[in-house]
Amino acid sequence: MQDNIKGILVLTITAFVCSLLLYLVINLVGGNI
Amino acid sequence: MKTIYNGIIKENPTFVLLLGLCSALAVTKTVESAYLMGICVLVILIFSSFVISLIRKLVTDSVRIPVYILIIGTFVTIVEVLLKEYIPDLYSALGIYLPLIVVNCIVLGRAMVVASKENVGKSVLDAIGIGLGFTLAITIIALIREILGTNTITLIDSISSFTGYKAIYKDILPSTDIFPISIFTTSTGAFLTLAFLIALFNKIKGGKKNESN
Chain A
1 MQDNIKGILV LTITAFVCSL LLYLVINLVG GNI
Chain B
34 MKTIYNGIIK ENPTFVLLLG LCSALAVTKT VESAYLMGIC VLVILIFSSF
84 VISLIRKLVT DSVRIPVYIL IIGTFVTIVE VLLKEYIPDL YSALGIYLPL
134 IVVNCIVLGR AMVVASKENV GKSVLDAIGI GLGFTLAITI IALIREILGT
184 NTITLIDSIS SFTGYKAIYK DILPSTDIFP ISIFTTSTGA FLTLAFLIAL
234 FNKIKGGKKN ESN
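Chains as they are written, first to last, in the working numbering: chain A, 1 to 33; chain B, 34 to 246.
If you're looking for bench data, these hints aren't it; they were derived computationally from the structure.
Backbone N, C-alpha and C fix where the C-beta goes; we use that ideal spot for every residue, glycine too.
Any given hint could be a false lead.
Once the Cα atoms are required to be at most 27 Å apart in a straight line, the calculated DSS-like pairs of lysine-lysine come out as [what the hints assert, rightly or not]:
(1) A:K6 to B:K199
(2) B:K117 to B:K199
(3) B:K150 to B:K203
(4) B:K117 to A:K6
To give an idea of the interface, some chain B residues facing chain A are shown, with a C-beta separation under 7 Å as derived from the structure [said to hold, decoys possible]:
(5) V92
(6) T93
(7) V96
(8) P99
(9) V100
(10) L103
(11) T110
(12) E118
Throw the hints in and build the complete structure from the sequences for me.
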């Protein structure tokens, strides 16, 4: 149970960090997807 | 150094592990698209291996694959955005095979086998070796296919807007009635070239093994 919660937490944080990184890169180059 | 050598020769992703063949065969029509695809895979492999190895103790088994896909997908999208913005010709030349690096067996395979178990230094060195091995392998395939199929070598063409000059060498070998052999520009030619190269690679490796015995 605790492992599952830790897993979901890690997945959520990774998704947040990845989205933030992409947002910064896209804004930096001024490109549109 | 041994890890890099291992990735290029002993565990070459194309000739030994036979991974990522879809993109390897599809982009080997010209030497230029082959080595540029190889460089893209190399860059993505290095960054994703670095990050995955860094967080390897935090990731539990149940969410391993989603987390890895997320990380690899982020780096692939970053490379895609940068290419679209700065080298649009290359972006259109690589086409669908650039976003498909996300599901490339080489990147995910090395993440599962090496980066999730080894330390950062070893993971990055392994990524460099495997990336260089892939780049070298698909460049050799493209070189043979392009010379036999069209009798040209395209080193710089679609990125000429970026470099400022073109480098296309025509009529490498004297043309005859049966040469150039156009079948080498098709996917059949790609499979034939790959098969001959794997056989040659195994022959050389087998010869070396016998010598050491």
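Verification of the supplied hints:
The straight-line distance between the Cα atoms of K6 of chain A and K199 of chain B is roughly 53 Å, outside the 27 Å bound, and the hint therefore fails. Distance check on the hinted pair: K117 of chain B and K199 of chain B sit about 20 Å apart at the alpha-carbon level, within 27 Å; holds. The suggested pairing of K150 of chain B with K203 of chain B is violated, with an alpha-carbon distance near 48 Å, which exceeds 27 Å. Between K117 of chain B and K6 of chain A the alpha-carbon distance is near 37 Å, which puts this suggested pair outside the 27 Å criterion.
Checking V92 of chain B against chain A: minimum C-beta separation of about 6 Å stays under 7 Å; hint holds. Here the hint on T93 of chain B is kept, as its CB sits about 4 Å from the closest CB of chain A, short of 7 Å. With its C-beta approaching chain A no nearer than about 4 Å, V96 of chain B sits inside the 7 Å limit, and its interface hint holds. Here the hint on P99 of chain B is kept, as its CB sits about 6 Å from the closest CB of chain A, short of 7 Å.
Using the Cβ-Cβ criterion of 7 Å, the hint placing V100 of chain B at the interface with chain A is satisfied: the shortest such distance is roughly 5 Å. Annotation: interface hint on L103 of chain B holds; nearest CB of chain A at approximately 5 Å, less than 7 Å. At its closest, the beta carbon of T110 of chain B sits 6 Å from a beta carbon of chain A; the interface hint therefore holds under the 7 Å criterion. Among the interface hints, the one on E118 of chain B holds; its C-beta lies about 4 Å from the nearest C-beta in chain A, closer than the 7 Å criterion.
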